[in-house]
Structures are given as C-alpha cells and as structure tokens.
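With the hints as constraints, model all of the structure from the sequences given.
Residue numbers (this note's numbering), protein chains in the order written: chain A, 42 to 214; chain B, 25 to 779.
Hints were generated in silico from the structure; no laboratory data involved. These numbers come from a predicted model, not from an experiment. There could be a bad hint or two in this list.
On the chain A side, residues computed to face chain B include the following (Cβ under 10 Å) [stated by the list, open to error]: (1) 70; (2) 83; (3) 128; (4) 136; (5) 137; (6) 139; (7) 165; (8) 167; (9) 170; (10) 171; (11) 172; (12) 177; (13) 180; (14) 183; (15) 186; (16) 195.
Here are the simulated DMTMM-like pairs of lysine to aspartate or glutamate, each with C-alpha atoms no more than 20 Å apart in a straight line [what the hints assert, rightly or not]: (17) 612/B - 178/B; (18) 133/A - 42/B; (19) 652/B - 715/B; (20) 410/B - 715/B; (21) 179/B - 324/B; (22) 137/B - 70/A; (23) 170/A - 643/B; (24) 133/A - 642/B; (25) 137/B - 171/A; (26) 170/A - 701/B; (27) 124/A - 426/B; (28) 137/B - 66/A; (29) 170/A - 642/B; (30) 73/B - 163/B; (31) 652/B - 426/B.
All C-beta atoms, glycine included, are put in the ideal place defined by N, C-alpha and C.
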Amino acid sequence: MSHSPCEISLTVNGEQKTVCAYPMERLLDVLRQLGLTGAKEGCGEGECGSCAVLLNGDLVTSCLVPVAQARNANIVTIEGLAKNEELHALQKAFLDCGGAQCGICTPGIIMAACHLLNSKPQPTMEDIKESLAGNLCRCTGYAQICEAVAQAALRFPLLATTAGNGAPDRNRA
Amino acid sequence: MKTESIIGAAVPRKEGLDKVTGRAQYVDDIVLPGMIYGATVRSTIARGKIRKITFGDGVPWHEFVIVTAKDIPGTNCVSLITDDQPCLADDTVNHPEEPILLLAHPNRHSLPKVVDAVTIEYDPLPAVFTLEDSERAAEIIWGQDNIFKRFLVEKGDVDSIWEKADYIVEGEYRTGAQEQLYIENNGMIASFDKERGITVWGSLQCPYYVHKALMKLCNLPKERVRVVQTETGGAFGGKEDYPSIIAGHAALLAIKSGKPVKIVYDRMEDMVATTKRHPSRTRHRTAVSRDGKILGGDIEFVVDGGAYATLSSVVLSRGTIHAAGPYYWPNIRIRASAVATNAPPHGAFRGFGAPQSLFAMERHMDRIAAIVGISPVEIRRRNFLKTGKTTATEQTIHEPIDLDKLLDRALELSDYRAKKQRFRKENEGSTYKKGIGIASFLHGAGFTGSGERYLASVVGVEGCADGRVRVLVSSTEFGQGTKTVLCQIAAETLGLAYDDVEIAQADTGEVPNSGPTVASRTVMIVGKLVRSAAQGIQQTLISSGYLSQGYSREEFRKACANYVAEHGTFKSWSQYEPPAGIFWDDEKYRGEAYAAYTWAVYIAEVTVDLTSYSVTIDDFVALQEIGKVLHPVLARGQIIGGVAQGIGFALFEKVAWRNGRMQNGQMTNYIMPTSADLPPIRVYFEELGNEHGAFGAKGIGELPIDGPAPAVVNAIEDALGVRFDSIPLLPEDIFEALAVRPQSEGQARTRQEVS
Chain A
42 MSHSPCEISL TVNGEQKTVC AYPMERLLDV LRQLGLTGAK EGCGEGECGS
92 CAVLLNGDLV TSCLVPVAQA RNANIVTIEG LAKNEELHAL QKAFLDCGGA
142 QCGICTPGII MAACHLLNSK PQPTMEDIKE SLAGNLCRCT GYAQICEAVA
192 QAALRFPLLA TTAGNGAPDR NRA
Chain B
25 MKTESIIGAA VPRKEGLDKV TGRAQYVDDI VLPGMIYGAT VRSTIARGKI
75 RKITFGDGVP WHEFVIVTAK DIPGTNCVSL ITDDQPCLAD DTVNHPEEPI
125 LLLAHPNRHS LPKVVDAVTI EYDPLPAVFT LEDSERAAEI IWGQDNIFKR
175 FLVEKGDVDS IWEKADYIVE GEYRTGAQEQ LYIENNGMIA SFDKERGITV
225 WGSLQCPYYV HKALMKLCNL PKERVRVVQT ETGGAFGGKE DYPSIIAGHA
275 ALLAIKSGKP VKIVYDRMED MVATTKRHPS RTRHRTAVSR DGKILGGDIE
325 FVVDGGAYAT LSSVVLSRGT IHAAGPYYWP NIRIRASAVA TNAPPHGAFR
375 GFGAPQSLFA MERHMDRIAA IVGISPVEIR RRNFLKTGKT TATEQTIHEP
425 IDLDKLLDRA LELSDYRAKK QRFRKENEGS TYKKGIGIAS FLHGAGFTGS
475 GERYLASVVG VEGCADGRVR VLVSSTEFGQ GTKTVLCQIA AETLGLAYDD
525 VEIAQADTGE VPNSGPTVAS RTVMIVGKLV RSAAQGIQQT LISSGYLSQG
575 YSREEFRKAC ANYVAEHGTF KSWSQYEPPA GIFWDDEKYR GEAYAAYTWA
625 VYIAEVTVDL TSYSVTIDDF VALQEIGKVL HPVLARGQII GGVAQGIGFA
675 LFEKVAWRNG RMQNGQMTNY IMPTSADLPP IRVYFEELGN EHGAFGAKGI
725 GELPIDGPAP AVVNAIEDAL GVRFDSIPLL PEDIFEALAV RPQSEGQART
775 RQEVS
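Here you go:
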C-alpha cells in the first residue's frame, strides 16, 4: 500500500463507523473486518458480483472499491436488509422460489436485485435478467433467482425507496 | 398421525434463512484466535527434477512458517484410491502448479509476494500434454504404459456383425476440460493439539475422504482426526477429492506452527491448480441394418486423467457404462482407458464421465440417422432400451420405463415437428439459421457396480431431549438441498412436522460415515437409510411402550423426550445392505451396474447468427423420469442448474492449455453463462417410483448435465447442415467450419458408409 493507514468514516447499514485503514484497501476487506462477512470474494476482479453492496445507492463490486472512495459514503450490505428479524421482500421471495442454492452468490445477487427494484419497482423479466447479468451463479441457472425478483416486485408493488441512498427502510412489506 | 405429506411439498430450505441474510458461515468467514494464513509455492514447469530451492533476499523468513515434504509426519500422499499423488512434491514434479512448499504468516496480504520470492530450479524432463501423445507412450510418465485404468465391456459377438451390416457408421467425438467454477474457492482451516490431534474445517463434499487422507498424512489414529464441513459455496465434484490436498496442507502448517492456519485460494489459484472435468475422445463404429436398427458396435472411450490417478478410474467406469446410452445393443464392445498427461489431475465434475461419453453417443445417433436416411426421432425410437431388455453390461431393465412415451411427450412439449418444418422454410435465404435437436439419455444413481457394497454406508437418527429428532449423516449440503430432503424423509417417516427434524453438521466427530456426497446417491441410498434409521426410532418407542400406533406429533415428541429422560442417548443406526438379486462382476464388468436409472429426453432449439457466428438457445425442454419428486422447487432447481452448466460445457467454457497449464484462469476469460445468456429452461418430470430409494426417489444431481451438450450441438447441425463433433463449440469454431474450411472436405472426411 502506498500510503499509511488513516481514519475513514462511513455509514454502514445506518450505523456510523470509523475505521483505520490504508486508503487503497478494498472496501470488501474493510467490511469483512467489521464482521460483515455477507459480501464474499468470488473472483477479486469485479467479475462475479458476489461482493456487491450499495454505495450511496449505486451498486458496486466492493472488491474493486478502495475504501478511500467510500469515505463518508452510505453503504448498505446484505446484513442491512433484514431489520429486527423481519426479512426484506427479496429475501422472502428468494426463500420461497429457490433463489438460493449454495448461497455464496446470494448476498450479492440480492443487493443487485435491490438496486434494480429501487430504480425500477416493476421490472420486466428482461430487465431482471439484464440487471443480474453482472452476478454469476453456478448452481441455479438463474431462473429461480429471476422468478424470486419478479415475485418480490409483484407482491410488494411499493418497494421503491424514495430516499435515494439505497437504504432499504421503506422496503418493508 | 398427520396426513399432510411432507414428501413432495416445497418446505423451506433448512439453511435458507442463513443464506439469504448473509449469516451463513463459509470457511473464509471464520476466524480462530491466533490464526495465521497459509500459501502454496507451486511448480512452474510440467515435469522435472527439483534441483534447488532458493529463498530470496529482502524477506524476513524467520517470521514465516515453512513446510516441505520433509516435515510430513506420516506418508507423503493424498490417500484416495491409488496413493500415487504426493501431498507435497519432494524431488520430482509431474504437472504445472504442483504443490512443493508451504508458507504461513499472520499477515495474509504479505503472502503473494513472498510466494514469488521462492525460486525453484529444475532439471526439466520431457512432458506429455495430449491423449494421443500419452497413448503413443514415447515418453512414459506414469506406471509402465501411461495407463491409469482400462475397462473392457463385451456383450454378444461384435466381430461377427460387420458383414451383416447394411451400414457401418464411424465417428470420433471430443469433449474439453470444464472447470467446476463454484463461486466459493477451495478453502480450509486446520488446528492442531497434541491431545486431540488435528481438526479441519472447510469447504468440502466428503468429510470421510479428508479424514482418511489426514490419518495417513499426519500418521494419526482415526479418533485424533476430525473433519468438519463449513457452509460450502458450490462444489459440483470439484470439492470431492481436492479438499484432501488443501486440508493436508493446512494441517501440516498447523502441526509445524502450533497455530490454527487458514488457506483460502484466490480464483486464479483455484482455477489453474485444482481439478476439472476430464477431456475425452470417443470413437464409435456401429453396424446398422437398413431399417435403422443397431446390430452392434465398437466404442473406444479415452479420458485424460492428468498427472496422478486420483478419481480417474471411477470417472472412467461411469463414462464407460454410460457410453452405450439408453439403447439396446445386441452386441457391443466398449474399450476404455484413462491415460496420464502432465496436467494437474482431472477429477470429479457432475456427471463424472457420463457427459463425455453420452455427448458422443447422442451425436453419433444423429449421424446414424443421417446415413440411414431416417429422422433423429426415428433412429432413437427404433433402438431404445425397453423393460426386460439388457444393457451393455447385461443388466436386465426391470424399471417400467417407456422411452417412446417419454420421447413423444418431449416432442409435444417442444412442438418439435412443427418447428422442424418451419425452420427449414424460414432458414432459406436468412442469415439466422434455426435448428432443433434431441438428446435421449440415462444416468445411473449411486456408486457403480459393487461400489455401494464396499462403502457400506451408515446413517443415524437421534431422538433428542426436547422430543425432536436429528439426522446424523456425513452427507453434505452444497446447494443441492441435502439437509432439506433428508429432513423431509425423516419427518415423513415418523409422522412429524418438518420443523421437528434437524440435521447435524457434517462433523466426523459426531456423524457416521454415510459415504461421500457424490454420484447422485444421496436421496436414493442415504435417503433410504435415513428412512430405516427413523423407523428404528419409531419401533423402539412403540415396542417399549412409550408410544402407540396412530400417534400424534405431540405424542411422539412427548414419548421421545420421556425416553431420553429415562434412558439417556437415543440413537438408531442403519447400514446399507445390497438389495437381493443384484449381481456385479468387477472382473468382467458385467451385471447390475446401477440399482436404478433416471431417464430423460431433452430438446434444444437454437438460432445461429451467420454474421457473428454466435449461437442463441431459444427454448429448452428438459423432461425426465426421476422416480419421485421429493421437493418440487429443489428438484426443478437441480435440473435448471445442471442444464445451465451443460450449456456452458457445450458453447462457452473453454480451457486454454499451454504446456499443461490453464492460461485463462480468470472469470474474465473463462466464460460461464450469465442470466442474459440462458434460454427459458422448461422442466417436466415423470414419476415412476423406485423400490431402491426413499419414497421412490432416484438421484437427480447429475442427470441434467448429460443431455444439454448433445441436444444443443444436434440442433446446430440441424440449423446449419454442418457437423460438429467437438465441444466446446465457440463462435470461432463455427466460423472456421463455415467460412474457412471447405465444407465438402469436412463432410467427406468424416462420413463413412458401406452397404
């Protein structure tokens, strides 16, 4: 790392955090060191999407984001979706539809789906397939994942967040 | 007893909640106190003698734990079938990326540079990189003749049929290596304690394979080796044998350092160093009558096993038996061999040899049809196995399977005939060529031949103090739904609710050896044992007066709790016994190869774009007979996922080899299908039951990867009128065939016909 460690503040799942990290450390590693191990490293080069999180409402692969870029940002990870044991609509739908098999890609895919529904609450199946094409899943062949996203959108037509920061608080069923 | 059936219901996946909330703990999510991190220094050449190892300047080497073959307390091998593979290369390396030396350090991020600071000098030896070079045996790299294993299956008198044939049809078919590409890379944590011995936690399919390997490597008795499966992020066979290697490495570092050690591969290390599907070559020579009946044939099936024997003999076995497809052969000879090359050992991957030999069989059926002048539908119909007929190993089919009806239904579901006609018209003058292709196939459930008898799996069911029950198996969950379906089976057997049944973590310290989680054996073999162990619990409670027939769920729980309170531990065990009438001759390779088969007809519809030479699959019908659907959502998920991998095998996934090393070990250049690449995969089931499986189930994990590749390539031939007999089939291959290679040459060279 080219610089020495410094203090970086960021909001993670609604909580203010200050971490001591090298500026070029990967956001993925910082999150995992915070105990948030839901985001996974599948490839380390932004190809598989299993480390996907929301950064100020944008979908990012956290293995490609230097933590310096997340300074003062609002981060949402898979751990931030279910609040007080109440599952997010997408999580429920993934359970019902068989959207998770081995589960390793699931956190990233749910975050990608969350990003889609935030911007387009009523997506077509083509929208869903396109928006998840950056997330690799080797188990499911994607059909039951796409069905889960469609079901979440159908069951909960007012999913979209209006906050614009990707915070999922309004996504409660 | 409750009446609502749990079998066939879409109950929630046992570990589903942890998976959708991100709480599931995979090996890399686990941190032990004082844990350090391990890395592997690997061979940079394919074959040679290790001359010198130099530790470069500028590294504080005293901070690192260093392990070589000299540090191994037991035998330097990865114990599996043939103990020929060293855990760490000592004086010789036999493939690129072979492990030579291990390093560990508290700072994980310091390791990659330090691995690069170790220089290994070699005296290179000549290496072998292709099937053909290995067969020629100009250089002997393994044993006496480069052959890991041979099989010969003979039925009838093949030599007498050629002169009776109206047509003799020959073909040669090839399949490439395929990377399992589970999204969680291989990883393992090991901890050593002088009293308790070695414990490993990791991503794996077969706890007792790792257990056996660690006993031998570490020279420890069985009670001082413990293997625990952590949540496993996909496996597909890729975590059948390889975990024994990485577990051995972590264990050696833990023993030497006295600290817990974690090794987790990054993507490139996992792709270049670990196992893949065996590349294969299959040659068919078939005698056919004027009306399209197969009179007999010779099949030669060869797989490239890489540098060590590992699982090649059993992959070859399954591929050999499946080479004859779901057809009746009055006479057949199958000669099979697994040969050595100086590549990392190829290993298990869903289908386990069958996708290779079935690709050949199903392409060859279309070739026979073309030469005889009948349709792909008709050639299959005229040669299907039927109840009462015998397979290539002379196993009489007792299952009431009607492949004609299965085929009819698939044709109807896919609208095959109408599409075939329409495409022929529409293709004229269009730069988009459409085609439709069929594959019919079977897959044997459970270990081949006497395999299950040797395994003699044991399963336990435990009655707990709170009145619930726990299933005790070493069968592992890695996405397929093992935990869920085994709990369904126990719950249904005992008349309990699904939530009344739990399943133990696969931990050799607690669960018996119910065999490896491979070979589509879990629901059929292990499921049936779970059922009988659960019946043992029920019978004990009833015979000892705690419970009477017709009990309610509440009564069971109370009775079970009372029993435990009064007698202590309450466990029931069940061990596999071969069904009566099952005969298998290991020498002649003859008899009941599998207790049950699943049967399928898949139909693919494709468009080939003659501008980009890309292939789009427009529709895919997957129809199969699987005995009994235990869980509709999981079963459908297994089929769709297998089809997707099969499509990848056919059209996307190409390992670029150079001198025995994979050159494209990244997800950016080894391409698997994304959500945007796949067609609607329409899944249909037939359920004929199965006396050998719990509630009539047969294994379905592997079946769906056998059919997609030949169905897709048959459809491409239908679209273009050009034959392709090798996969992966990429746009550049189609371009070459259509635009570069004169078409007539390709046709004349491969078509052989005598009458």
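Violated hints, by number in ascending order, as checked against the structure: Per hint list: 7, 16, 24, 25, 27 violated.
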